[in-house]
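Working from the sequences, and respecting the hints, build out all of it.
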Amino acid sequence: MALDRKVGFWEGVRYKGGGPMLAWALHRISGLGMIIFISLHVVASFFTQQMGSDWAIGINIIYESPYFQLFIVFAVLFHALNGMRIIILDLWPKMLRYQREMTWLQWLIFIPIYSLTIFIMIQRVMAGG
Amino acid sequence: MQTKKIPHPGWNLEYMMWMFTRLSGLAFFFLAIIGMAAALVMGARNQMDLGTLMRWTFFPNPNHVLDSNIPNVDIWANGFWQIMQMLVIFFGGTHGLNGLRVVIEDYTSRPAWQSITRLLFFVLWIFMILAAVYVILAS
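Chains as they are written, first to last, in my numbering: chain A, 169 to 297; chain B, 100 to 238.
These are computed hints drawn from the structure, not numbers from a lab.
Ideal Cβ placement from N, Cα and C applies to all residues, glycine included.
Certain hints may be false.
[Said to hold, decoys possible] Okay, the calculated bits of chain B under chain A, using three or more residues with CB under 8 Å as the criterion:
(1) 122-129
(2) 141-150
(3) 191-199
(4) 229-238
Take a look at the structure:
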């Protein structure tokens with residue numbers, strides 16, 4: 169929207185917004201992570217398929233590493249759940265009464281699914297998969 | 100605190116992209132459920148690992164499941180899944196690049212920068228969609 173305001177980046181970070189601000193910041197960070205991942209993936213697929221180039225295969229190795237996968241699972245899962253909460257609140261504004269409960273519900277769904285995914289991934293790494 | 104005059108809401112770019120972001124967000128859930136259901140039909144319970152199941156869920160391309168134990172992936176390389184892939188990349192690319200544009204415009208306030216970033220994102224968007232459609236049709 170490009171509003172003319174005088175708030176710097178670090179001033180914004182120091183703002184104590186609590187839980188909703190954390191969700192907002194994580195939504196942006198996970199979104200940025202995913203768009204970088206998907207853009208790299210599309211470019212790498214294109215160059216691997218058309219030319220079989222080595223640097224494109226090198227990009228594949230980066231995001232096939234377990235650390236990157238842990239991040240991308242976090243990003244996809246959090247962005248999906250938080251996005252669903254935002255969609256519900258935006259399209260049915262009456263639900264705004266329950267926005268605090270919805271944030272809790274969101275974390276309540278997120279934590280078990282993400283923990284299970286981490287458990288399975290670590291198990292696979294330990295097994296040498 | 101200076102008050103800002105808010106323009107009357109209409110079908111401008113911001114409103115259209117705001118609505119598109121919400122609707123494409125809903126579409127991802129349906130696309131992911133269809134992809135995951137198909138992966139389970141393919142035999143995800145015993146012939147695929149979790150990563151491969153996720154690959155088919157988010158981008159149903161036979162090239163994505165090559166390192167699984169599915170005996171014949173070729174029967175899944177048909178027009179229906181190509182259209183599904185194009186929907187995924189269209190919704191994904193547009194939602195994602197628009198999101199990146201919104202984030203960048205939050206931290207740039209000069210109108211001159213706005214037109215430059217918008218042009219850059221339009222070019223990036225076209226390039227990304229074309230590259231992805233090329234990969235889909237050539238695989």
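Cross-check of the supplied hints:
{"no.": "1", "hint": "122-129", "verdict": "holds (count 4)"}
{"no.": "2", "hint": "141-150", "verdict": "holds (count 3)"}
{"no.": "3", "hint": "191-199", "verdict": "holds (count 6)"}
{"no.": "4", "hint": "229-238", "verdict": "holds (count 6)"}
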